[in-house]
Structures are given as C-alpha cells and as structure tokens.
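Everything in the sequence shown is counted per the numbering used here, starting at 17 for the first residue and increasing by one.
Since the hints were made in silico from the structure, they are not lab data.
Just so it is clear, CB atoms sit at the ideal spot from N, CA and C, and this is done for glycine as well.
Heads up, a few of these hints could be off.
[Said to hold, decoys possible] Derived DEER-like restraints, expressed as beta-carbon distance ranges: (1) Phe22 with Gly49: 18 to 24 angstroms; (2) Val73 with Arg32: 51 to 57 angstroms; (3) Pro68 with Pro18: 45 to 51 angstroms; (4) Leu59 with Phe38: 29 to 35 angstroms.
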Amino acid sequence: YPNVDFYSGIIYQAMRFPVEMFPVLFAIGRMPGWLAQWQEGLLDAEQKIARPLQIYVGPKERHV
17 YPNVDFYSGI IYQAMRFPVE MFPVLFAIGR MPGWLAQWQE GLLDAEQKIA RPLQIYVGPK
77 ERHV
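Whole structure, please, built from the sequences with the hints as guidance.
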C-alpha cells in the first residue's frame with residue numbers, strides 16, 4: 017500500500033524536483049517531530065534513554 021511519501025513524490029516530480037532530492041524533502045517534513053522528541057529526551061530526567069527496559073528472563077547459560 018502506498019504511504020504519503022508516494023503521493024508526495026508525485027507532487028515533487030510535477031514540481032520538477034530532482035529524484036535524488038526526494039529523501040531530503042521527505043526528511044524535512046519529519047524534522048519538527050524528530051527535534052521535539054530529541055528535546056523531550058534532553059529535558060525529561062527520568063527518560064534519558066529513549067528505549068524500553070528489556071530484562072532477559074530465560075536460562076542463564078545454554079550448552080551447545
């Protein structure tokens with residue numbers, strides 16, 4: 017299924033942007049969200065690492 021970048025690409029092509037610039041143009045639209053998430057990580061003392069805590073609960077050692 018096509019996502020929004022598919023339709024954006026059609027519009028960018030109609031506007032005569034070079035195809036090599038499409039990833040840059042797609043990233044520009046995502047920058048505000050990336051920067052907001054980065055700022056949250058800097059300002060939130062409890063959430064310094066942006067990944068879930070994962071604890072392995074399986075066997076400690078496996079003999080092969």
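- Message: Can you tell me whether the CB distance of leucine 59 to phenylalanine 38 sits inside 29 to 35 angstroms?
- Response: holds (33 angstroms)
- Message: Range first: 45 to 51 angstroms. Now tell me if the beta carbons of proline 68 and proline 18 are that far apart.
- Response: violated (30 angstroms)
- Holds or violated: 51 to 57 angstroms for the Cβ distance of valine 73 and arginine 32? holds (56 angstroms)
- Message: Range first: 18 to 24 angstroms. Now tell me if the beta carbons of phenylalanine 22 and glycine 49 are that far apart.
- Response: holds (19 angstroms)
Comparing the model with each earlier hint shows a violation of hint 3 alone; every other hint is respected.
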